[in-house]
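Can you build the whole structure from these sequences, using the hints too?
Here is how the chains run, residue by residue.
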Amino acid sequence: MRSATLGLLVLCSAVALGARTRADDWPQFRGPNRDGISRETGLLHKWPAGGPKVLWTTDACQGYAAAAIHSGRVYFEDYDREAKEYLVRCLTLADGKELWRFKESKTLRPNHGITRAVPAVDDQHVFTLDPKCIFHCLDAKTGREVWRKDLVETYKTEIPPWYNGQCPLIEPDRVVIGVGGDAVLVALDKATGNEIWRTPNPEKWPLAHSSVMPATLGGVKQYVWCTLFGPLGVRAEDGKLLWHHDRKFNVAVATSPLPIGDDRVFMTAGYDAGSVMVRVAKDAGGEFKPQTVFELTTEQWNSEVHTPILFDQHMFAVGKKQRGLFTCLDLDGQAVWTSADQAFFGLGSYLLADGLFFVLEGDTGMLRLLDANTTAYRELDHAQLLAGDNVWGPMALSNGKLVLRDMTKMICIDVAGQTTSSSASAWGEALGITVLRAATTPGPTPRIVLCSAAEDRVPSATTADALRMGYRKVRVIDAKGDGPGQFADELRGLAIRGDELYAVGDSHVVVFSLEGKVQRTWKTERPGTAVAVAPDGAVYVGEEGQIEIFERDGKLRDTWRDADRFGLVTAIGFAGDAVLIGDVGDRCIRRYDKSGKFQANIGRDSHKRGFMLPNRHLDFVVDPNGLILAANPGQHRIERYSSSGELLGQFGQFSETDPAGFPGCCNPTNLALGPRGEIVVTEKAAPRVKVYTSGGELLAVMGEADFDPNCKNMDVAVDARGRVYVADTERLQIVVFEATTATSHSVSAPASRGSQP
Amino acid sequence: MSEQPTRRDVLGHAARGAALLGLGGLGAYLTRKGGPAGAWQIDTGLCINTRLGLVGLDACQLCATTCVLPLSAVRAVNDHAKCGRCYICPAYFDVKSALDEHGLPSGKLCPRDAIVRKPIGDIDPRDPANNYSEYVIDELRCNGCGLCVLACKEPAGLTSLRLEVRYNLCTNCNRCSIAQACPKNAYERRPARTT
Chain B
1 MRSATLGLLV LCSAVALGAR TRADDWPQFR GPNRDGISRE TGLLHKWPAG
51 GPKVLWTTDA CQGYAAAAIH SGRVYFEDYD REAKEYLVRC LTLADGKELW
101 RFKESKTLRP NHGITRAVPA VDDQHVFTLD PKCIFHCLDA KTGREVWRKD
151 LVETYKTEIP PWYNGQCPLI EPDRVVIGVG GDAVLVALDK ATGNEIWRTP
201 NPEKWPLAHS SVMPATLGGV KQYVWCTLFG PLGVRAEDGK LLWHHDRKFN
251 VAVATSPLPI GDDRVFMTAG YDAGSVMVRV AKDAGGEFKP QTVFELTTEQ
301 WNSEVHTPIL FDQHMFAVGK KQRGLFTCLD LDGQAVWTSA DQAFFGLGSY
351 LLADGLFFVL EGDTGMLRLL DANTTAYREL DHAQLLAGDN VWGPMALSNG
401 KLVLRDMTKM ICIDVAGQTT SSSASAWGEA LGITVLRAAT TPGPTPRIVL
451 CSAAEDRVPS ATTADALRMG YRKVRVIDAK GDGPGQFADE LRGLAIRGDE
501 LYAVGDSHVV VFSLEGKVQR TWKTERPGTA VAVAPDGAVY VGEEGQIEIF
551 ERDGKLRDTW RDADRFGLVT AIGFAGDAVL IGDVGDRCIR RYDKSGKFQA
601 NIGRDSHKRG FMLPNRHLDF VVDPNGLILA ANPGQHRIER YSSSGELLGQ
651 FGQFSETDPA GFPGCCNPTN LALGPRGEIV VTEKAAPRVK VYTSGGELLA
701 VMGEADFDPN CKNMDVAVDA RGRVYVADTE RLQIVVFEAT TATSHSVSAP
751 ASRGSQP
Chain W
1001 MSEQPTRRDV LGHAARGAAL LGLGGLGAYL TRKGGPAGAW QIDTGLCINT
1051 RLGLVGLDAC QLCATTCVLP LSAVRAVNDH AKCGRCYICP AYFDVKSALD
1101 EHGLPSGKLC PRDAIVRKPI GDIDPRDPAN NYSEYVIDEL RCNGCGLCVL
1151 ACKEPAGLTS LRLEVRYNLC TNCNRCSIAQ ACPKNAYERR PARTT
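Residue numbers (the numbering used here), protein chains in the order written: chain B, 1 to 757; chain W, 1001 to 1195.
Honestly, the hints are just simulated from the structure, not real lab data. There could be a bad hint or two in this list.
What the hints assert, rightly or not - Here are the computed lysine-lysine pairs in the DSS-like style, where the Cα-Cα straight-line distance is at most 25 Å: (1) B/Lys103 x B/Lys132; (2) B/Lys106 x W/Lys1118; (3) W/Lys1096 x B/Lys204; (4) W/Lys1118 x B/Lys555; (5) W/Lys1082 x B/Lys84; (6) W/Lys1184 x B/Lys248; (7) W/Lys1082 x W/Lys1118; (8) B/Lys409 x W/Lys1082; (9) B/Lys132 x B/Lys204; (10) B/Lys141 x B/Lys156; (11) B/Lys156 x B/Lys204; (12) W/Lys1096 x B/Lys321; (13) B/Lys321 x W/Lys1118; (14) B/Lys204 x W/Lys1108.
Set out below in structure tokens:
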């Protein structure tokens, strides 16, 4: 009996362990078979609340250089900008601990990133082709250099623009790279670096960013590659050039040829090069003759950065059209389905494992988990794991751990559920934020509730359930006219303090009661573009090139002039002793002390060097904890910063169809905070008002028929009762909305702008 | 026998001419004064050349072709703070043109050759393709066609190029012909600066 029980336990354990039935290395670019597919199984098809657990995070220099994983070690290229050192780093896969780093002095300049290649690794060696085209062979255990080959000296290689992007191909007995200059491809002995063969290059095809792919075409093992002058194949045995398809590519070829079977090779690239399918078959004389099967224009389909994945007789990739649609193409180049109206991936990367596509949004760092099928776009889960734009680096998967990166860091997440997460906050910690809640329902929009790490200071009502509400228009304050307390041409800014509504436009300030009666008015020196009331009651009016500070009764207290830093002031806020100024001229938020002394810029450290403001308007609001919520309309999101300027998180994405997303060129344009922590935003083209939870869940949409359709940059303020005041910039009215189903939650601390009792 | 103009005739003609000139000037002044406030400018978020999410389009070029001026008042402007300073700029080169032996396009995109390219910063002779390049618009040549602006669009470009109406060139027509023609209603009248 006892032995039977023991046997049952062993059986159960075996079944449990069998849930993860296979692990795999990811020893080079696109994985063990160079096809973008991991053979691992047993991965999670649904992530825990809060997303997959973040196992570790490490800083990385800006770039796209991704990981290779071998025997529990992670290898990747990096760069130390201060020391000007090229790095190859080796970390443990389990906890990200650095085991060694190879350094070499090198001056590299950021230009759409600095690093971009993936090493190739076996049991003994790590091979990297550095940005300046020196090929390194390192000892995999110690990082010591075993041999090197300078391609510029050896082959007269011309380093391509944006530095090297090619990733070496590792084979059992050799490593193969394209070199340009004196040779097209070379095969090098792994142990010594000695040439096994070289393919002569009489046409002097220059080195491309494309990487060499193994293929069997016409029954012959080949290495296929692509230069700006078209794809080609060489015999693996001796490096003889077997074929070249004369087709011009433009500027740079970042993608690699994709063998799809039946002697066909698919090649796609950016810069209006489109795509081409080539059949490489022998003619009657036994010579390889590539022939075009079909071509696709850029308008039809192309990929600019990543190579498609072949799965179930279809090709899957992020296309360039419409901000990056993940697309399933049949082998005739026809789109079977796309992610249109559901998700946009920019130039993000993707990986296939266990019937799942892991796809990164290149503009936001959102990771989406998709069902791999040829029928329809079907999303299983998503998580905001990375931040910022240009999240283009490839991913790597090994032993249930997915390694991915953005422009500042590399992270490793558990996608097999091996590590039971006691807290859903691990990945949030990597972003410097605390995860309160993440929606578990699949959907195209980010529904993640984020707040500052100081959880106890967050307003109590932060979820959709607690705040679900409707709104109705209750009043229109007509402010148009030439009389006192009216605006003839422009109504630009609103603010509320207590029971008074402040409005600026033309060249004066008008103070209304919340019912719309004019209380007082006074002139400003220049047309007002923003208004805010400080905790001490002072009224700050933003103008072009200056800020005027008035007493509550309109008496001028001070004028801050700073033509360089106040190009056009469209928002003002207060955080403790700091005065925050939104400057459209430099697309950032300026922080000043109370005396008007400049302290720092906020939001200028991004890759875009500031907020994206095609609409020439920058708006932000400061929450009761001193955190800054800023609209980044060109990026279609709301970003959260600490008062010191550290980016803590973001939500929102572009969508023309999903009301939770932000449509058009640049939305949202303005925002305010409500008394329960809700975020009220306005949009233009077409103008409307939306309400979100503090984490980005859409609560309400209103005003779609209440504004002049040409309205833009409509300022918004919220009073202590949650009533929303919106400036109609064309009719010069203030439209007031009231919540119809507000909850019984008590009113928490007011915002420093919008609601200021 | 022709009559010689008298001193009285000459003075009379001169006085009438001066009066006409004065009236003309006054009329022009009143027209300006009575015209709409502000100046025409382009909303880059609406302009087809800069609006994100649209690829595979041709630049509409209406800014260059519909302005009432012989050379449009619209110019391309490069925001150098945003520019990637790439060695191969797709807004400078015609990327579809034939390649030279270094893989560099042989043609330029601008039909009026209005973009000036020059290397800046430290130059590594071993690595000339990664030197920074500065791209400056020659405003005497640029006609605001927008070809370069469209080519600088994200994600490959950084959207550092945009079109702007040059106020010193614009005649500020009441009914701007470009605004009438613009398919995206990207022209708008903005308030004049008060400084």
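Hint check results:
For a cut-off of 25 Å, the pair hint linking B/Lys103 to B/Lys132 stands: about 14 Å separates their Cα positions. Between B/Lys106 and W/Lys1118 the alpha-carbon distance is near 24 Å, which keeps this suggested pair within the 25 Å criterion. Annotation: proposed proximity of W/Lys1096 to B/Lys204 holds, straight-line Cα distance about 19 Å (limit 25 Å). Of the supplied pair hints, the one linking W/Lys1118 and B/Lys555 is violated, its CA atoms being roughly 53 Å apart against a limit of 25 Å.
Our distance criterion of 25 Å between C-alpha atoms is met by W/Lys1082 and B/Lys84, whose separation comes to about 23 Å. Pair hint W/Lys1184 plus B/Lys248 does not hold up; C-alpha atoms about 34 Å apart against a cutoff of 25 Å. At roughly 17 Å between alpha-carbon atoms, W/Lys1082 and W/Lys1118 fall within 25 Å of each other, so this suggested pair holds. Restraint check: the Cα-Cα separation between B/Lys409 and W/Lys1082 comes to about 23 Å, which is no more than 25 Å; the hinted pair holds.
Our distance criterion of 25 Å between C-alpha atoms is met by B/Lys132 and B/Lys204, whose separation comes to about 19 Å. Restraint check for B/Lys141 and B/Lys156: not satisfied, since their Cα atoms lie roughly 32 Å apart, outside the 25 Å limit. For a cut-off of 25 Å, the pair hint linking B/Lys156 to B/Lys204 stands: about 10 Å separates their Cα positions. Of the supplied pair hints, the one linking W/Lys1096 and B/Lys321 holds, its CA atoms being roughly 19 Å apart against a limit of 25 Å.
For the given pair, B/Lys321 sits about 32 Å from W/Lys1118 by alpha-carbon distance, which is inconsistent with the 25 Å threshold. A hinted pair counts as satisfied when its Cα atoms are at most 25 Å apart, and B/Lys204 with W/Lys1108 qualifies at roughly 23 Å.
The structure shown violates the earlier hints numbered 4, 6, 10 and 13.
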